[in-house]
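Asks: Construct the entire structure; sequences and hints are all you get.
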Amino acid sequence: MGLLDKLSGLLGLRKKEVHVLCLGLDNSGKTTIINKLKPSNAQSQDIVPTIGFSIEKFKSSSLSFTVFDMSGQGRYRNLWEHYYKEGQAIIFVIDSSDRLRMVVAKEELDTLLNHPDIKHRRIPILFFANKMDLRDAVTSVKVSQLLCLENIKDKPWHICASDAIKGEGLQEGVDWLQDQIQAAKT
Amino acid sequence: MLGRVTAPPPDATQEGGQRIPQWGFRGWLGKLRARNLRVRAYHRPGTIERCAAPGAGPVARTTSAKMAAASSSDSDSGRAESKEANSKWLDAHYDPVANIHTFSACLVLADLHGDGEHKLVVGDLGPSGQQPRLKVLKGPTVLTESPLPALPAAAATFLMEQHEPQAPALALASGPCVYVYKNLRPYFKFSLPPLPPNPLEQDLWHQAKEDRIDPLTLKEMLEGIREKAEVPLSVQSLRFLQLELSEMEAFVNQHKSKTIKRQTVITTMTTLKKNLSDEDAVSCLVLGCENKELLVLDPEAFTILAKMSLPSVPVFLEASGQFDVEFRLAAACRNGNIYILRRDSKHPKYCIELSAQPVGLVRVHKVLVVGSTEDSLHGFTHKVWLQQAPAPHSYLPSAQGPESPSGFLFPATPLSPLSPKPPQTPAVPCQGKKLWTVQMPAAILTMNLLDQRSRGLQAVMAGLANGEVRIYRDKALLNIIRAPDAVTSLCFGRYGREENTLIMTTRGGGLIIKILKRTAVFVEAGGEVGPPPAQATKLNVPRKTRLYVDQTLREREAGTAMHRAFQTDLYLLRLRTARAYVQALESSLSPMSMTAREPLKLHAVVQGLGPIFKLTLHLQNPSTARPALGLLICFLYNEALYALPQAFFKVPLLVPGLNYPLETFVESLSDKGISDIIKVLVLREGQSAPLLSAHINMPVSEGLAAA
Chain G
1 MGLLDKLSGL LGLRKKEVHV LCLGLDNSGK TTIINKLKPS NAQSQDIVPT
51 IGFSIEKFKS SSLSFTVFDM SGQGRYRNLW EHYYKEGQAI IFVIDSSDRL
101 RMVVAKEELD TLLNHPDIKH RRIPILFFAN KMDLRDAVTS VKVSQLLCLE
151 NIKDKPWHIC ASDAIKGEGL QEGVDWLQDQ IQAAKT
Chain V
1001 MLGRVTAPPP DATQEGGQRI PQWGFRGWLG KLRARNLRVR AYHRPGTIER
1051 CAAPGAGPVA RTTSAKMAAA SSSDSDSGRA ESKEANSKWL DAHYDPVANI
1101 HTFSACLVLA DLHGDGEHKL VVGDLGPSGQ QPRLKVLKGP TVLTESPLPA
1151 LPAAAATFLM EQHEPQAPAL ALASGPCVYV YKNLRPYFKF SLPPLPPNPL
1201 EQDLWHQAKE DRIDPLTLKE MLEGIREKAE VPLSVQSLRF LQLELSEMEA
1251 FVNQHKSKTI KRQTVITTMT TLKKNLSDED AVSCLVLGCE NKELLVLDPE
1301 AFTILAKMSL PSVPVFLEAS GQFDVEFRLA AACRNGNIYI LRRDSKHPKY
1351 CIELSAQPVG LVRVHKVLVV GSTEDSLHGF THKVWLQQAP APHSYLPSAQ
1401 GPESPSGFLF PATPLSPLSP KPPQTPAVPC QGKKLWTVQM PAAILTMNLL
1451 DQRSRGLQAV MAGLANGEVR IYRDKALLNI IRAPDAVTSL CFGRYGREEN
1501 TLIMTTRGGG LIIKILKRTA VFVEAGGEVG PPPAQATKLN VPRKTRLYVD
1551 QTLREREAGT AMHRAFQTDL YLLRLRTARA YVQALESSLS PMSMTAREPL
1601 KLHAVVQGLG PIFKLTLHLQ NPSTARPALG LLICFLYNEA LYALPQAFFK
1651 VPLLVPGLNY PLETFVESLS DKGISDIIKV LVLREGQSAP LLSAHINMPV
1701 SEGLAAA
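From first to last, the protein sequence lines are chains G and V. Residue numbers for the first sequence follow this note's numbering, beginning at 1 and rising by one. Residue numbers for the second sequence follow this note's numbering, beginning at 1001 and rising by one.
Source of the hints: derived by calculation from the structure; they are not laboratory data. Idealized CB from N, CA, C, for every residue including glycine. There's no promise every hint is true.
Unchecked claim - Here are the simulated distance ranges between beta carbons:
1) V/R1482 with G/S60: 46 to 56 Å
2) G/D117 with V/E1117: 31 to 41 Å
3) G/S64 with V/R1453: 19 to 29 Å
4) V/G1116 with G/K153: 36 to 46 Å
5) G/E150 with V/E1117: 26 to 36 Å
6) G/T139 with V/L1457: 34 to 44 Å
7) V/R1453 with G/N114: 43 to 53 Å
8) V/E1117 with G/D179: 29 to 39 Å
Replies: Here it is, written out as structure tokens:
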């Protein structure tokens, strides 16, 4: 990483644009997370189930993110794969309190990782073990066990416990993602 | 009352079939011809008797319990079998000790709170059928649990009123009551109307109240009523009759002032849309009762909107249509029949006769799928259901004629002379047409509908005693799930937020939750399921010729004489056979010596191409202990044709059990390619009659011809 790049990044003069896919089952909190990452004046008050997908933008310290917030409903999940090519990073959101559908999340993740557009790319994946505020939520360690994340060998990944309503844990995740993207670029 | 239903068209062919004498092949052929039946390879003959017992216990519960006890058999491996790697199902949850003991009628999935999170309602019988409980599950955990006063018979959810917010009410049938819950709080309790008590019984208790009768006399009188009277006793009297002498006094004192109530119990329950066919339309409850009645309840006021009577006790119900417009109810009953009821009929219009007791009833579109105790699934339809069903909007009640449809339909099952039907049944025309039958590898424990809305698939799931759950679309096997234990209840639908979830509970009280993969598509496994195609082809029965008719007539008239003539010939044949056998034994012509003192076995082999053959005689002494001594062998042959070095020689001692090969050479002298018989005689020293003899057909000498 060049000194000038760093400098310009710090000063916010020139921010690189990255495309990120936000995936996960319905009701896992994808839209809420993206909403929370936007500047406070741009946040919307009520979140409704996403239909199809929506495109959101937010900025971190050195990157400008364009997020494809995909709908997680079963009938829209086949749309995901059409955007795999464009994505430079993936945010995968998991409802930690939905113990029953953890297998479904794992199934969708496996399908994602085995897709030809993803399989041979070193694309960073950020996992949010969301809804940590709920009583029956399992820990992020347990989530990573249930999803068998240790089997992902060829891609950088990171799991963050988060509470999207309060915004806890989100920044940590985005910082990791930013580092990964910048590391991949240089 | 039953006379109102028009009598069935006299089933002449069936009657005719039975009149033909049973013993002749032609008689059987005639039967076959008359009925125009297809080959029923899948019907075992013993099952007809089973269905002959009318009203044999509560089928829904006892049969499943009986089958649960049956040992699980080995399952054959099907192509549609779900393997670990390419299974269509995700294993979401398995708890072998969830302590849920129930059957499919008591499992229901519903959005009880109206928050989009579907819960599972379980009417639990308790581990030994002793502690009935109402359980509500959210995900893998039990949300609430409350005790029930009696064993649950069925659970259902329905919308009571149209206005928002729409949270469905939960109805649980238990004993003589339906408990209705809203938002999981008790809302209403509907009790079945009491039945008129026996006046004699009433009078007795009245006397007991005034102390004019002592408990012992009361008991005797009540027992008399129980045996004779048409109206059964009330629960109070029945309990009294069970008591020991010492407890009677107290019981009488405690209960004598109460009025006698006689109540029936609910055996089954389902829901029927009131006036709209929408998904979120108000529904009525339909109850099946032990007193052979069906009741339709108003969803808001819980008044009885309609009452229908059946010839037997209903155990499974399927409803379709709308109550205010036109509806059809199919009730599988304990007498092994399925009765079809329609709007404006107090009695069944048509019935489907099964060859065995039903264990489950599922309606898939317009086909009724019935599981029977014969371990098979049957698909039934009836012309009425398909053709006479009027469009909901053009329907006029007055246009409804009571007459049965024209056109001949085959009876669902062949009527056997062995199965006496209850006297009521002939009043209901038998109209169901069997579409197909699929044989299961094990007994069916439970059945339910699999409705995959996203793909528009409706299929039948059947839980078997060998732990399999099989999914069928019509007769095509789509999938097999192997459960670790026999599955006793099944339910498919939206659970939590997942659309296609399968809930299974096992005999041991386990709970299995599986989720259908988003990408899974059910495909038919191919032609290996169901009856072989040959079964569907009609037999090419020859036309009834004049000769055939004459022969049949002659058989019928002179049957006895023909039988006698045949028997005489048979005896003569047997006599001749016996004579010839005895003669062979007496002249020792057989290669086995049958005298008790000298058992011997001879077996000869000829080797070689010629002109010199090697003749090997295998001599064996099959007795257990006695060695054979002093035997001689003699060959008898045409000396012009054959030459033997030794035509007569001694046999060594024969040790019991051992095989003695005795070899000798035979030279063929003829160069004309002639062969002859060589006789071998085994003799005993000092006796002229041979012990045994053998004729050896010598082969033609080929060596000479080649030379």
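Asks: Does the Cβ distance between G/D117 and V/E1117 fall inside 31 to 41 Å?
Replies: holds (34 Å)
Asks: Quick one: are V/E1117 and G/D179 within 29 to 39 Å, going by C-beta?
Replies: Hint holds: Cβ distance 38 Å, inside 29 to 39 Å.
Asks: Okay, G/T139 versus V/L1457 on CB: inside 34 to 44 Å?
Replies: holds (38 Å)
Asks: Against the range 26 to 36 Å, how does the distance between the Cβ atoms of G/E150 and V/E1117 compare: consistent or not?
Replies: Roughly 31 Å apart at Cβ, these two residues keep to the hinted range, so it holds.
Asks: Hint says 36 to 46 Å; check whether the CB-CB distance for V/G1116 and G/K153 agrees.
Replies: 38 Å Cβ-Cβ, so the 36 to 46 Å window holds.
Asks: If you check the beta carbons of G/S64 and V/R1453, does the distance land in 19 to 29 Å?
Replies: For V/R1453 against G/S64, whose Cβ atoms are near 42 Å apart, the range 19 to 29 Å is violated.
Asks: If I claimed the Cβ atoms of V/R1453 and G/N114 lie 43 to 53 Å apart, would that claim hold in this structure?
Replies: Given about 28 Å between the Cβ atoms, the range is violated.
Asks: Is it true that the C-beta distance of V/R1482 to G/S60 lies inside 46 to 56 Å, as the hint says?
Replies: holds (50 Å)
Comparing the model with each earlier hint shows violations of hints 3 and 7; every other hint is respected.
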